[in-house]
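Residue strings, one per chain:
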Amino acid sequence: MANMDGSTKPLIIWLGTNTCAGDMLSFLNAKDPGYEELISSIAELRFDYLLSASEGSDAINVLDDLQKNHKAAYILVVEGSIPTRSNGLYSVIGYRNGKAWTALQAVRELGAAARYVVAAGTCAAFGGIYAAAPNPSECVSLQAVLDRKVINVPGCPINPEWMMGTLNHLIQYGEPALDDDNRPKLFYGETIHNLCQRRDYFDNSIFAAKPGEPWCMYKIGCKGPVTYADCPVRQWNGEHLSWPVKANTPCIGCASPEFSDGSVPFFEHLPDVKLPGIKVTANRVGQLTGVVTALGIGAHLIGSILTGRFAETLKKDLPRGSKLKLRQRLKKIH
Amino acid sequence: MKKIVIGPLTRANNSCAVEVTVEDKKVVDARCSGIFFRGFELILQGKDPRDAAYLTERICGICSSLHGAAASYALEDAAGIRPPRNANILRNLIIGADILQNHIRHQYLFSLVDYLTLPERAPFVPGYTKDKRLEKKKNDAMVQNMYLALEISRLAHEMVTLLGGKAPFPHGILAGGATVVPSADVVMNFRSKLQKINRFIRNQMVPDVYILEDAYSDYYELGQRAQNMLEYGLFPRTEQDRERYFPSGAVLNGQIQKVDLSLIKEHTARSWYAAESGPRNPSGGRTVPEREKEDAYSWIKAPRYSGMPLEGGPLARLWIKGDYRKGISTMDRVIARALETEKVGTLMESWLDELEPEGCIFSPFEVPKNAEGIGLTGAMRGPLGHWLRIENGRIAQYQIITPSAWNFSPRDDQNCKGPVEEALIGISIADEKQPIEIGRVIRAFDICSSCSTHLITTGKPVGELMI
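Heads up: the sequence lines are chains A and B, in that order. For the first sequence, counting from 1, position 296 maps to 296 in our numbering; every step adds exactly one. For the second sequence, counting from 1, position 234 maps to 234 in our numbering; every step adds exactly one.
Honestly, the hints are just simulated from the structure, not real lab data. On a predicted model such as this, the values are computed, not experimentally measured, just so you know. No false leads were mixed into what you were given.
Here are the simulated lysine-lysine pairs, DSBU-like style, with alpha carbons at most 35 Å apart: (1) A:K219 <-> B:K369; (2) B:K138 <-> B:K196; (3) B:K130 <-> A:K71; (4) B:K326 <-> B:K433; (5) B:K138 <-> A:K31; (6) B:K132 <-> A:K9; (7) B:K2 <-> B:K433; (8) A:K99 <-> B:K293; (9) B:K137 <-> A:K31.
Pairwise CB distance ranges, derived in the manner of DEER restraints: (10) A:P176 <-> B:E221: 53 to 63 Å; (11) A:S41 <-> B:G80: 52 to 62 Å; (12) A:K210 <-> B:A396: 17 to 27 Å; (13) B:E120 <-> A:K210: 53 to 63 Å; (14) A:A133 <-> B:T129: 44 to 54 Å; (15) A:N204 <-> B:D140: 51 to 61 Å; (16) B:E294 <-> A:A112: 26 to 36 Å; (17) A:A133 <-> B:C360: 32 to 42 Å; (18) B:D140 <-> A:E109: 31 to 41 Å; (19) A:D200 <-> B:S183: 18 to 28 Å; (20) B:N189 <-> A:V233: 11 to 21 Å; (21) A:A2 <-> B:C416: 47 to 57 Å.
From the structure, some residues in chain B lie toward chain A, with a derived Cβ separation under 7 Å: (22) V5; (23) C60; (24) T179; (25) V180; (26) I361.
We treat Cβ as the ideally placed atom computed from N, Cα and C, and that holds for glycine.
Build out the structure end to end from the sequences listed, making use of the hints.
If you want it as structure tokens, here you go:
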């Protein structure tokens, strides 16, 4: 189907807000298809905050044109969290009609007219590291400032295939199946723990004591049991060569809604959970320890969590991905 | 007088803005702005010092391994430990691979876009069309090399992944050492990729900048400034870190001196920070944002050395090393970056031969209760420093001065311009509707606003901005 200007390929905007550009840099590592194939035969990347040839007003005009003349025709990809402090002036996209155009305004305007909205990376999906306490720029996730559905593709950074795969799914088959956090199940359907090549070491209690050792990383902080992503089987980057545990380091849970406040200290392990028949219940253990970690609850509470009642209460009370509410809850508990 | 505002300045790592004042077709004033703030120094307070390497990597997606290195050096300094010999080599290899990745991506995807006639498709259109001087055959060959550069820079990141688990934000650089044992299969894969990349650097990347130089030799005149530069040194030669392959030095009016860190102060008169944030040495630095501050125009502080604005980057490193001392201009910066890429790639081949396949890679250590440490390195764009203070085993104070804070800083407390602002003064703008010269001068610094900026061309015809 042709676009209003006669072009025929799907249109993409890739906007950067409060980010480090790590997601775009990671996306450039995509292979089969790679960036060149994306822009030459799959889609039209009309705006890319990092790589567009146009700058200044020419670049802003491209965005204005898409918003006005291609309603419901483009995919908006946002990389970065959205600061709300000082009416959004902690992140400015550029200058429009001589005035600062904040990220907050830009994502709302461009988001309203998009066909799909995709959050690229943990910052856009859940707030990420810049929303960590004390959250100096009062950053929130993309979903928190939009009234419409955001498809979350978290990761710090995104694996190139999570993003390329999501875009191609949208283009070829429409919206992918999503989990409760609006993440494509295709990439985030299982915990790292359940997919891990070192799972056998965990089950047999063979643990690394320091980074650089070839055993299970659980005791030195691995957040694999509570992190939903397919890193162990997909691996990084375009060539699928390695991933943090293969590099003898703990998973730091960078794709989790709780990252980074809920993942630090990176080298301290999750509360010990000893259950009979751990193999069959590891997934459940993962969910429970996730709640524990996110709240920073001391080990003395684990017993009551594992009885089930407290955990069910917690889960009911906690809106997914809402760090602010997690923190408020934490304050109440203490 | 006319004002040209360019914002966003694309092809800089993240958004930044620049406002220049033009009189008789010449730039007479310039203001460089970083237009976003995240507040890492505040977020790090209270954290486990071991987390700083992975957390600070998230300052920048294109130079993450260098933040990991600076944070690791700082904690090792505070803890009084050294990494194993093998680990120093492994970390140098990760850093080296990341530098290759950055320089190749910068040259082809960020910088050359200003000089080439590119394919008629997004995101290469719209773009400026004037002053594209290369004859068609050379132009088209360079465009093909740009596509090749996409593959080659990906390979460089794959090398980071081999030794660091992923890229960006590799896990393989941390206080105490490295994490991937350099077994034969890993070294073989790394070496094979490195050789492919080095062939590209020698056969395409370096020749391409000389083709560019030939057509744009007047860019030796654009973007000039005094010989004022700074580098902290890059790649420790041994784990004891008494000497580096690219040595440290402060160049003041052409004279090379030993770096004295006590002479560094960060000014904030024209930055969106409260008065208490500056001027201070980073060891006692403060970061108190105040967006409403009058007369300020940037989120970047203005670091000064002995009161002077110093630039860093490949040109400064080669100058201090004595390998390149032709001049201080836009074309010198472009050429120095390509030459540095070649040097780093060659050094990395020799480091691979020094690895011990079964050698030790990590030194366990206790995080000190109370201590201070400084981590210094060269990064892609210049000198990078992390200043750490630990109290009760937690981070009590963390200050970071990034390369782009040096290069892209705004005016300081004495109203002296930052290095890029200085470099913009005096350049000619042939066509104010397509002020392509501005971006060329700025991008030669490889500006990064994650690490610090934006250029603003307003949508309106420039004439409407007359003042």
